[in-house]
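Please put together the full structure from these sequences, using the hints given.
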Amino acid sequence: MLQSQSGDLLRGSGTGGPTCGNADLFRSRLLSELLTQGLPHSERGLRHGKDTLIVMSGSRTGSSFVCAVLAKLFEGFLNYELFRMDPDKQIIRGRALAVLQQELGTIHDLASRCPKRAVTGGKWKPRILSSEMERALRWVGQQGIPVVFNDRNALDVLISQNKRRTFKELHHKEKKMSNHCRRGTSPNELRSCLAEHKTRGTLNTTDLVEQLEVVQKQQERWLDTLKASNVTHFHMHYEDWAYGTEESRLAHLQEVANFVSRSLGRGDFRQVTVEDFDVMFLPTTPTRQDDTLTNFDQVAQTLRSTPFRRLLKDYTNM
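First residue of the sequence shown? That's 683 in the numbering used here, and the numbers climb one at a time after it.
Be careful, since some hints might not be right.
To be verified - As a list, the in silico DMTMM-like pairs of lysine to aspartate or glutamate whose alpha-carbon atoms are at most 25 Å apart: (1) K857 to D706; (2) K909 to D950; (3) K909 to E895; (4) K754 to D960; (5) K995 to E878; (6) K857 to E878; (7) K899 to E814.
Everything labelled a hint here was simulated from the structure, so no lab data went into it.
Shown next as C-alpha coordinates:
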(Lines of atoms letter the chains of each structure in order from A and count residues from 1; the text may use other names and numbers.)
(Lines give C-alpha, C1' and ligand atoms only; values in the text may rest on other atoms or scores of the structure.)
Protein backbone atom coordinates (compact mmCIF):
# COMPACT_ATOMS: atom_id res chain seq x y z
CA MET A 1 0.00 0.00 0.00
CA LEU A 2 1.34 3.41 -0.91
CA GLN A 3 2.07 5.61 2.05
CA SER A 4 2.84 9.29 2.42
CA GLN A 5 3.24 11.65 5.33
CA SER A 6 -0.56 11.89 5.43
CA GLY A 7 -1.10 8.12 5.49
CA ASP A 8 -3.02 5.95 3.04
CA LEU A 9 -3.19 7.76 -0.29
CA LEU A 10 -6.49 6.14 -1.17
CA ARG A 11 -8.28 6.32 2.16
CA GLY A 12 -11.98 6.99 1.69
CA SER A 13 -14.02 3.98 0.60
CA GLY A 14 -13.93 0.33 -0.37
CA THR A 15 -14.21 1.16 -4.08
CA GLY A 16 -10.92 2.93 -4.40
CA GLY A 17 -11.51 6.06 -2.39
CA PRO A 18 -12.21 9.59 -3.61
CA THR A 19 -8.88 9.79 -5.42
CA CYS A 20 -10.08 7.38 -8.11
CA GLY A 21 -12.93 9.60 -9.22
CA ASN A 22 -11.29 13.00 -8.95
CA ALA A 23 -8.41 13.94 -11.27
CA ASP A 24 -7.38 16.97 -9.19
CA LEU A 25 -7.31 14.95 -5.99
CA PHE A 26 -5.38 12.18 -7.73
CA ARG A 27 -2.74 14.70 -8.84
CA SER A 28 -2.57 16.19 -5.35
CA ARG A 29 -2.01 12.76 -3.79
CA LEU A 30 0.54 11.95 -6.49
CA LEU A 31 2.54 15.10 -5.77
CA SER A 32 2.43 14.29 -2.06
CA GLU A 33 3.81 10.81 -2.74
CA LEU A 34 6.56 12.08 -5.06
CA LEU A 35 7.63 14.72 -2.55
CA THR A 36 7.77 12.04 0.15
CA GLN A 37 9.95 9.82 -2.05
CA GLY A 38 12.35 12.62 -2.93
CA LEU A 39 14.31 12.83 -6.15
CA PRO A 40 15.72 9.53 -7.44
CA HIS A 41 19.47 8.87 -7.41
CA SER A 42 19.42 6.01 -9.89
CA GLU A 43 17.26 4.39 -12.53
CA ARG A 44 14.73 1.83 -11.40
CA GLY A 45 14.07 -0.11 -14.56
CA LEU A 46 10.54 -1.06 -15.61
CA ARG A 47 8.14 0.69 -13.22
CA HIS A 48 5.12 1.48 -15.32
CA GLY A 49 2.00 -0.35 -16.38
CA LYS A 50 1.18 -1.64 -19.84
CA ASP A 51 -1.59 0.96 -20.02
CA THR A 52 0.81 3.93 -19.96
CA LEU A 53 0.37 6.89 -22.31
CA ILE A 54 2.35 10.12 -22.74
CA VAL A 55 1.02 13.31 -24.33
CA MET A 56 3.91 15.43 -25.60
CA SER A 57 3.09 19.06 -26.24
CA GLY A 58 4.70 22.49 -26.16
CA SER A 59 3.72 25.47 -24.05
CA ARG A 60 0.35 27.12 -24.83
CA THR A 61 -0.70 24.37 -27.25
CA GLY A 62 -3.89 23.18 -25.57
CA SER A 63 -2.29 20.17 -23.88
CA SER A 64 -4.60 20.32 -20.84
CA PHE A 65 -7.64 20.04 -23.11
CA VAL A 66 -6.08 17.16 -25.06
CA CYS A 67 -5.17 15.30 -21.85
CA ALA A 68 -8.63 15.88 -20.37
CA VAL A 69 -10.38 14.47 -23.45
CA LEU A 70 -8.13 11.40 -23.60
CA ALA A 71 -8.46 10.85 -19.85
CA LYS A 72 -12.24 10.92 -20.25
CA LEU A 73 -12.19 8.50 -23.17
CA PHE A 74 -9.93 5.98 -21.45
CA GLU A 75 -10.98 6.62 -17.84
CA GLY A 76 -7.40 7.51 -17.07
CA PHE A 77 -5.15 9.85 -15.13
CA LEU A 78 -3.17 12.06 -17.50
CA ASN A 79 -3.29 15.54 -15.93
CA TYR A 80 0.16 15.41 -14.29
CA GLU A 81 2.99 17.32 -15.97
CA LEU A 82 6.02 15.05 -16.17
CA PHE A 83 9.40 16.39 -14.98
CA ARG A 84 7.58 18.82 -12.70
CA MET A 85 10.05 17.92 -9.98
CA ASP A 86 12.60 20.62 -10.74
CA PRO A 87 13.06 19.68 -14.42
CA ASP A 88 16.05 21.81 -15.43
CA LYS A 89 18.27 20.62 -12.57
CA GLN A 90 17.49 16.99 -13.38
CA ILE A 91 18.54 17.50 -16.99
CA ILE A 92 21.82 19.04 -15.84
CA ARG A 93 22.44 16.26 -13.34
CA GLY A 94 21.77 13.63 -16.00
CA ARG A 95 18.89 11.98 -14.18
CA ALA A 96 16.00 12.71 -16.54
CA LEU A 97 15.39 9.01 -17.22
CA ALA A 98 15.38 8.18 -13.50
CA VAL A 99 12.86 10.97 -12.84
CA LEU A 100 10.62 9.78 -15.69
CA GLN A 101 10.71 6.20 -14.42
CA GLN A 102 9.89 7.33 -10.90
CA GLU A 103 6.97 9.48 -12.00
CA LEU A 104 5.39 6.94 -14.37
CA GLY A 105 5.88 4.17 -11.81
CA THR A 106 4.31 6.13 -8.98
CA ILE A 107 1.36 7.17 -11.16
CA HIS A 108 0.78 3.52 -12.08
CA ASP A 109 1.13 2.32 -8.48
CA LEU A 110 -1.40 4.85 -7.27
CA ALA A 111 -3.87 4.12 -10.08
CA SER A 112 -3.56 0.36 -9.55
CA ARG A 113 -5.39 0.85 -6.25
CA CYS A 114 -8.47 1.93 -8.19
CA PRO A 115 -11.12 -0.60 -9.26
CA LYS A 116 -10.94 0.11 -12.99
CA ARG A 117 -8.06 -0.57 -15.38
CA ALA A 118 -7.11 3.04 -16.01
CA VAL A 119 -4.76 4.49 -18.60
CA THR A 120 -2.04 6.37 -16.74
CA GLY A 121 0.77 8.70 -17.67
CA GLY A 122 1.06 12.43 -18.12
CA LYS A 123 1.95 15.31 -20.37
CA TRP A 124 5.56 15.95 -21.27
CA LYS A 125 6.28 19.57 -22.12
CA PRO A 126 9.78 19.53 -23.64
CA ARG A 127 11.67 22.63 -22.58
CA ILE A 128 15.09 21.57 -23.79
CA LEU A 129 16.41 18.73 -25.92
CA SER A 130 19.53 17.31 -24.30
CA SER A 131 21.33 13.99 -24.73
CA GLU A 132 19.75 12.86 -21.45
CA MET A 133 16.28 13.70 -22.69
CA GLU A 134 17.01 11.81 -25.91
CA ARG A 135 18.03 8.81 -23.80
CA ALA A 136 14.74 9.05 -21.90
CA LEU A 137 12.87 9.06 -25.20
CA ARG A 138 14.78 6.01 -26.40
CA TRP A 139 13.68 4.24 -23.21
CA VAL A 140 10.07 5.22 -23.97
CA GLY A 141 10.49 3.66 -27.41
CA GLN A 142 12.05 0.50 -25.99
CA GLN A 143 9.20 0.08 -23.50
CA GLY A 144 6.58 0.50 -26.23
CA ILE A 145 4.92 3.43 -24.47
CA PRO A 146 2.76 5.27 -27.03
CA VAL A 147 3.02 9.04 -27.38
CA VAL A 148 0.44 11.49 -28.70
CA PHE A 149 2.42 14.45 -30.04
CA ASN A 150 0.24 17.56 -30.07
CA ASP A 151 1.26 20.78 -31.79
CA ARG A 152 -0.50 24.04 -32.54
CA ASN A 153 -0.39 26.86 -35.07
CA ALA A 154 2.86 28.63 -34.14
CA LEU A 155 1.26 32.07 -34.51
CA ASP A 156 -1.50 31.10 -32.08
CA VAL A 157 1.19 29.93 -29.63
CA LEU A 158 2.86 33.37 -29.74
CA ILE A 159 -0.51 35.13 -29.45
CA SER A 160 -1.38 33.08 -26.37
CA GLN A 161 2.00 33.75 -24.74
CA ASN A 162 1.73 37.44 -25.54
CA LYS A 163 -1.80 37.65 -24.13
CA ARG A 164 -0.60 36.33 -20.79
CA ARG A 165 2.30 38.80 -20.70
CA THR A 166 -0.05 41.67 -21.56
CA PHE A 167 -2.48 40.71 -18.81
CA LYS A 168 0.34 40.60 -16.27
CA GLU A 169 1.64 44.02 -17.36
CA LEU A 170 -1.84 45.54 -17.15
CA HIS A 171 -2.02 44.37 -13.55
CA HIS A 172 1.49 45.63 -12.73
CA LYS A 173 2.80 42.05 -12.44
CA GLU A 174 0.66 41.51 -9.32
CA LYS A 175 -1.75 39.07 -10.92
CA LYS A 176 -1.37 36.18 -13.36
CA MET A 177 -3.99 35.11 -15.88
CA SER A 178 -5.79 31.90 -14.99
CA ASN A 179 -4.43 28.97 -16.96
CA HIS A 180 -7.91 27.65 -17.72
CA CYS A 181 -11.57 28.42 -17.16
CA ARG A 182 -13.33 25.46 -15.59
CA ARG A 183 -16.87 24.23 -15.55
CA GLY A 184 -18.37 23.99 -12.08
CA THR A 185 -16.86 27.20 -10.71
CA SER A 186 -19.16 29.92 -9.38
CA PRO A 187 -20.80 32.20 -11.98
CA ASN A 188 -18.74 35.17 -10.81
CA GLU A 189 -15.47 33.23 -10.99
CA LEU A 190 -16.34 31.94 -14.44
CA ARG A 191 -17.24 35.41 -15.76
CA SER A 192 -14.02 36.82 -14.34
CA CYS A 193 -11.92 34.04 -15.88
CA LEU A 194 -13.52 34.37 -19.31
CA ALA A 195 -13.04 38.15 -19.18
CA GLU A 196 -9.33 37.68 -18.42
CA HIS A 197 -8.90 35.57 -21.52
CA LYS A 198 -10.40 38.29 -23.72
CA THR A 199 -7.29 40.40 -23.11
CA ARG A 200 -5.93 41.70 -26.42
CA GLY A 201 -2.20 42.14 -26.92
CA THR A 202 0.20 43.61 -29.46
CA LEU A 203 2.73 41.36 -31.17
CA ASN A 204 6.14 42.80 -31.96
CA THR A 205 6.47 42.34 -35.72
CA THR A 206 10.16 43.30 -35.87
CA ASP A 207 11.32 39.74 -35.17
CA LEU A 208 8.00 37.94 -35.64
CA VAL A 209 9.26 35.70 -38.44
CA GLU A 210 12.29 34.68 -36.36
CA GLN A 211 10.05 33.87 -33.37
CA LEU A 212 7.79 31.72 -35.53
CA GLU A 213 10.82 29.88 -36.88
CA VAL A 214 11.94 29.08 -33.32
CA VAL A 215 8.53 27.65 -32.36
CA GLN A 216 8.22 25.64 -35.56
CA LYS A 217 11.77 24.28 -35.47
CA GLN A 218 11.31 23.20 -31.86
CA GLN A 219 8.18 21.26 -32.79
CA GLU A 220 9.93 19.69 -35.79
CA ARG A 221 13.02 18.74 -33.78
CA TRP A 222 11.03 16.91 -31.11
CA LEU A 223 8.98 15.12 -33.75
CA ASP A 224 12.17 14.04 -35.53
CA THR A 225 13.58 12.80 -32.21
CA LEU A 226 10.45 10.73 -31.58
CA LYS A 227 10.91 9.08 -34.98
CA ALA A 228 14.65 8.52 -34.47
CA SER A 229 13.93 6.98 -31.03
CA ASN A 230 11.47 4.48 -32.54
CA VAL A 231 8.66 5.79 -30.34
CA THR A 232 5.18 4.71 -31.38
CA HIS A 233 3.49 8.08 -31.80
CA PHE A 234 0.60 9.93 -33.37
CA HIS A 235 1.09 13.50 -34.59
CA MET A 236 -2.06 15.56 -34.00
CA HIS A 237 -2.88 19.23 -34.34
CA TYR A 238 -4.82 21.08 -31.64
CA GLU A 239 -6.82 22.98 -34.28
CA ASP A 240 -8.29 19.70 -35.58
CA TRP A 241 -10.04 19.16 -32.24
CA ALA A 242 -10.83 22.76 -31.33
CA TYR A 243 -12.23 24.10 -34.60
CA GLY A 244 -14.08 23.01 -37.70
CA THR A 245 -17.31 21.16 -38.34
CA GLU A 246 -18.61 18.60 -35.87
CA GLU A 247 -17.96 15.89 -38.47
CA SER A 248 -14.32 16.84 -39.00
CA ARG A 249 -13.60 17.24 -35.28
CA LEU A 250 -15.05 13.82 -34.53
CA ALA A 251 -13.11 12.23 -37.40
CA HIS A 252 -9.82 13.57 -36.01
CA LEU A 253 -10.74 12.50 -32.47
CA GLN A 254 -11.58 9.00 -33.74
CA GLU A 255 -8.14 8.71 -35.33
CA VAL A 256 -6.36 9.52 -32.07
CA ALA A 257 -8.67 7.33 -29.98
CA ASN A 258 -8.08 4.37 -32.32
CA PHE A 259 -4.31 4.94 -32.21
CA VAL A 260 -4.22 4.93 -28.41
CA SER A 261 -6.55 1.94 -28.11
CA ARG A 262 -4.61 -0.13 -30.66
CA SER A 263 -1.26 0.84 -29.10
CA LEU A 264 -2.53 -0.47 -25.76
CA GLY A 265 -3.62 -3.73 -27.36
CA ARG A 266 -7.35 -3.02 -27.12
CA GLY A 267 -8.26 -2.84 -30.82
CA ASP A 268 -10.29 -0.04 -32.37
CA PHE A 269 -12.01 2.35 -30.01
CA ARG A 270 -15.78 2.72 -29.87
CA GLN A 271 -17.46 5.37 -32.01
CA VAL A 272 -16.70 8.75 -30.47
CA THR A 273 -19.41 11.37 -29.96
CA VAL A 274 -19.46 15.13 -29.61
CA GLU A 275 -20.07 14.67 -25.87
CA ASP A 276 -16.55 13.25 -25.59
CA PHE A 277 -15.25 16.80 -26.07
CA ASP A 278 -17.17 18.01 -23.00
CA VAL A 279 -14.50 18.20 -20.31
CA MET A 280 -13.87 20.50 -17.36
CA PHE A 281 -11.98 23.10 -19.43
CA LEU A 282 -14.01 25.68 -21.33
CA PRO A 283 -12.68 27.08 -24.64
CA THR A 284 -11.16 30.53 -24.17
CA THR A 285 -9.49 31.23 -27.52
CA PRO A 286 -11.51 33.31 -30.02
CA THR A 287 -12.01 31.78 -33.45
CA ARG A 288 -10.66 34.93 -35.12
CA GLN A 289 -7.03 35.98 -34.60
CA ASP A 290 -7.94 39.64 -35.08
CA ASP A 291 -10.06 39.37 -31.91
CA THR A 292 -6.91 38.65 -29.89
CA LEU A 293 -4.53 41.25 -31.34
CA THR A 294 -4.60 45.03 -31.44
CA ASN A 295 -2.28 45.04 -34.46
CA PHE A 296 -3.56 42.11 -36.50
CA ASP A 297 -3.35 44.06 -39.79
CA GLN A 298 0.34 44.75 -39.17
CA VAL A 299 0.96 41.10 -38.29
CA ALA A 300 -0.85 39.98 -41.44
CA GLN A 301 1.14 42.38 -43.60
CA THR A 302 4.39 41.11 -42.10
CA LEU A 303 3.57 37.47 -42.82
CA ARG A 304 1.83 37.62 -46.20
CA SER A 305 5.10 37.62 -48.15
CA THR A 306 6.58 34.74 -46.09
CA PRO A 307 5.91 30.99 -45.87
CA PHE A 308 4.17 31.74 -42.54
CA ARG A 309 1.20 33.36 -44.28
CA ARG A 310 -0.50 29.96 -43.96
CA LEU A 311 -0.67 30.58 -40.18
CA LEU A 312 -3.10 33.49 -40.65
CA LYS A 313 -6.40 31.82 -39.82
CA ASP A 314 -10.06 32.59 -39.34
CA TYR A 315 -11.26 29.43 -37.61
CA THR A 316 -14.87 30.58 -37.91
CA ASN A 317 -14.84 29.45 -41.53
CA MET A 318 -13.21 26.06 -41.01
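Subject >> Pairwise hint evaluation, E895 against K909, where the allowed Cα distance is 25 Å at most >> reply: holds (21 Å)
Subject >> Restraint status (C-alpha distance of K754 to D960 at most 25 Å) >> reply: holds (9 Å)
Original post:
Regarding the pair K857 and D706, is the alpha-carbon distance no greater than 25 Å?
Top reply: holds (23 Å)
Original post:
Is it true that the CA of K899 sits at most 25 Å from the CA of E814?
Top reply: Holds - the C-alpha atoms of E814 and K899 are around 20 Å apart, at most 25 Å.
Original post:
Is the Cα-Cα distance between K909 and D950 25 Å or less?
Top reply: It holds: about 23 Å lies between the C-alpha atoms, which stays within 25 Å.
Subject >> Holds or violated: K995 to E878, with C-alpha atoms at most 25 Å apart >> reply: holds (22 Å)
Original post:
Do the alpha carbons of K857 and E878 lie within 25 Å of each other, as the hint requires?
Top reply: Since the Cα atoms of K857 and E878 sit roughly 11 Å apart, the hinted pair holds (cutoff 25 Å).
In summary, this structure violates none of the numbered hints.
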